[in-house]
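Protein sequences appear in the order of chains U and Y.
Following my numbering, the numbering of the first sequence begins with 1 at its first residue and continues without gaps.
Following my numbering, the numbering of the second sequence begins with 1 at its first residue and continues without gaps.
Do not rely on the hints blindly, as some may be mistaken.
What the hints assert, rightly or not - 30 Å max Cα-Cα, derived DSS-like pairs, lysine-lysine:
no.	chain 1	residue 1	chain 2	residue 2
1	U	Lys211	U	Lys85
2	Y	Lys165	U	Lys70
3	Y	Lys165	U	Lys21
Hints were generated in silico from the structure; no laboratory data involved.
Given the structure is predicted, the values throughout are model-derived calculations rather than measurements.
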Amino acid sequence: MANERLFEEMTKAVIAGLPDKARELANEALHAGIDPLAAIEQGFKPGMDVVGEGFARGELFIPDLMMSSKAMQEAIAVLEPEMMKRKQHLQTLGKVVIGTVQGDIHEIGKTLVATMLAANGFEVHDLGVDVSPQQFVNAVREVNADVVGLSALLTTTMLNQEAVILTLKEAGLRDQLKVIIGGVPANPEWAKEIGADAYAENATEAVEVVKGLVQA
Amino acid sequence: MRAHILQRLASGEVLIADGATGTMLQAAGLPTGTPGEAWILERPEEIMRLHRAYVEAGSQIILTTTFGGTRARLKAAGLDVQAGEINRRAAELARQVAGDPSTDSGQGEVYVAGDIGPTGDMMDPLGPLTYEAAVELFAEQAQALAAGGVDCIYIETMSGLNEAKAAVEGVRQGCDLPVFCTFSFDTHGRTSMGLSPAQAARTMVALEVPAIGANCGHAPEEVLDILPQMREAAPDAYLIAKPNAGVPRMVKRQVVYDATPERMAELARRYVEMGACIVGVCCGSSPADIAAIAAALRIG
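The shape of chain Y in the complex, shown without the other chains:
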């Protein structure tokens, strides 16, 4: 039986998460405009292939392909009626790659994190989504992910405090798993909704969220400024760094993220020096980034 993910973190271990999902699936043929969640039921072998690529590169935490898996967000692609099935199945696919925790030999333990992203709707009073409705959406998603066998729930790319709170509350209603929460600080060092790293951290501490951090965002270098702010506001939290692989630019009609795997590996070492204990990469990354990070962190 493998160790609980929080026990692993408590032991002081650094766990390597995975890299980008959407852009990798598009490279495998997912049409533009089709969410990755559509492939959970249509092309499960592609989803598993990507999870496997990250595990082989060194990922110890893989995120389910459910970033846009709230019923509200799936609605845009007409997938909302299948929301429960998609989330549960996504968890099962990742679980299959990560291995069965009850029979795990302990060799190459990989955890499955149930990924939850924003609903895409603005919350009251800025938009139509009420707090209660948001809680319900997140609870429903968390419940389905838990039914599919995830080890923890990983809320990410949050920008508004109310939505993050609703997500945490919803997850707790939907399941009993540990919940992590990271924010996208993409606007002058804050989230687009104006939330500072310290405000985000303080709120998550108050909600007893054990692992918090920064994902997506703008340039990965900015995480070097963000982590100390979160650490100061949340001295006991496990810190997560999962930034983009640089800033996207169009070069000859190809999107290029300007940070190389070597650069991401160098940054990962610095994140760990600053106290990060879960490190991964977000948009623009591939298993090559994870392999470089894994190599750099293992050398210590």
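The shape of chain U in the complex, shown without the other chains:
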């Protein structure tokens, strides 16, 4: 199979959300001696782009996004050893610490954003749910994060997004990073009011916004 043909198959496997197929194609690329980085960037990654756009347009939904990113991750796992051998690295756009704020156990939206950021080249540290301000601060210090993502699904836990920002300020860390917030009740006005740098409505938008934040 010519490279272009194989790359096209890879893109399709990611769009269709087929982890087994993606793994198989990644192995095929290895056997054919294809540059693993090219396989990711020209083969699998364009599939994530298509799925991300479809999600933003409301044509695709959470399961599509999750299965596609699973396919992408499976492919990367197969290709990674060969990349290490060739001393290649996936380009890292920045380090993101993300979590759902204290008192809130909603996981899905936050995980989706984390997954999409990782699929798009960010180093993501997902702290999980019900994360205290101090846990955010500790993680930011530990990994030297460029961006902090704060999710809150409840109108009652939104105030804890602000608590994290205040704690970051007290720790003297606020000026060295950007803060993005999300969650059903959040909006750009709320972001502004609590001193966050940005808001994103969904996982696809979050990728674009975070890219903008690290470039700024």
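Starting from the structure of chain U, add chain Y where the hints point.
Showing chain Y alone in chain U's frame:
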């Protein structure tokens, strides 16, 4: 002896359900991050006070405070070991407010619906929860709710088809009560998992669920588009509309849902025109919304 809830619905009557629970309990002092289920055992008088407020406002169906009552979901608050007790007790508290069905005089009949919400876990292959494990969780909850004396089981805010199926199957394993099921169509007219109103309705019809509908979701106006789709896919089902009281916004650090009780009452009339026979309100509502709906529907 009061009429069975399905007989009431079969007679063509419209029944008014209740409004929000979580936000109302928080207004009464439930700390942020503590689930309402915690108050079932700790502050039962507050739970009953809220049920009573809805009944006084006109609710004919009150939902138990067990939306997060599966063992999986209670685990986050360390309440999973008490799951059975919490669900049974929640049903008893609501039952106490609604009255004893066997001695009921027929005056102001109020039904108790055993509320079941999602487990909070993603199901296989997207997440760790297997279908069988989900069925077991729902069966356990339904059994405890039935032991506490509910009239029916009300599954709500479903977004995934597999979880909804598992919930229905679990309820049937756990008890013999009628089961209702509503979905949250909050993402471009579908559920967050991509389920359309027609797909949801068709599946529930196939499972012989008598009452189906939309709850929570995004704007309550969207239910006006959803109900006809469900009706077309499920011509004989009883339709339920229990949307949020608008879309939440932060205004001066206070959460405001932008639909007034008057607006919700106007929408309720339109839901009924479209065939809804159970109408209530979800997030952001209070007994004032139910009172306005009750007044509007009684005037006809």
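Quick rundown of the hints versus the structure:
A distance of roughly 29 Å separates the Cα atoms of lysine 211(U) and lysine 85(U); the hinted pair therefore holds under the 30 Å criterion. This hinted pair checks out: lysine 165(Y) and lysine 70(U) have alpha carbons roughly 24 Å apart, not beyond 30 Å. A distance of roughly 28 Å separates the Cα atoms of lysine 165(Y) and lysine 21(U); the hinted pair therefore holds under the 30 Å criterion.
In this structure, every one of the numbered hints holds.
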